[in-house]
Amino acid sequence: MANSPQARKRIRRNDRRAEINGNRLSRIRTFVKKVESALEGGDKTAAAEALKEAQPELARGIARGVIHKNTVARKMSRLTKRVAAL
1 MANSPQARKR IRRNDRRAEI NGNRLSRIRT FVKKVESALE GGDKTAAAEA
51 LKEAQPELAR GIARGVIHKN TVARKMSRLT KRVAAL
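With the first letter of the sequence shown counted as 1, position 69 gets the number 69 in the working numbering; the numbers rise by one all the way through.
These are calculated hints, taken from the structure and not from any lab test. Some hints could be false.
[Unchecked claim] Here are the simulated lysine-lysine pairs, DSSO-like style, with alpha carbons at most 27 Å apart:
1. 81 / 69
2. 69 / 34
3. 44 / 81
4. 52 / 33
5. 33 / 81
6. 52 / 69
7. 34 / 52
8. 69 / 33
9. 34 / 75
10. 75 / 33
11. 34 / 81
12. 44 / 33
13. 9 / 52
14. 33 / 9
15. 44 / 9
16. 44 / 34
Note that the coordinates shown come from a computational prediction; the quantities given were computed from them, not determined experimentally.
Using the sequences plus the hints, can you model the full thing?
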């Protein structure tokens, strides 16, 4: 249990940040799923459009410290390759 006021405040802050970061991660996953569903449907224009919308969300995840930059680079590379292959 936290004994100092700073530790109590840190616990409150961590709870708030965890909720915000969870929401951000969920939003990113949603955009990636839109690209994947368009890929499964075989619609290249829809997949390309969904990828275009997902890119800034992934970049924002890096900027906010939610996802590691290499993870985003890997995801973007794989999604772009799949869209181009359609």
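Query - Structure versus earlier hints - violations, ascending order - result: Going through the list in order, the structure violates hints 13, 14, 15 and respects the others.
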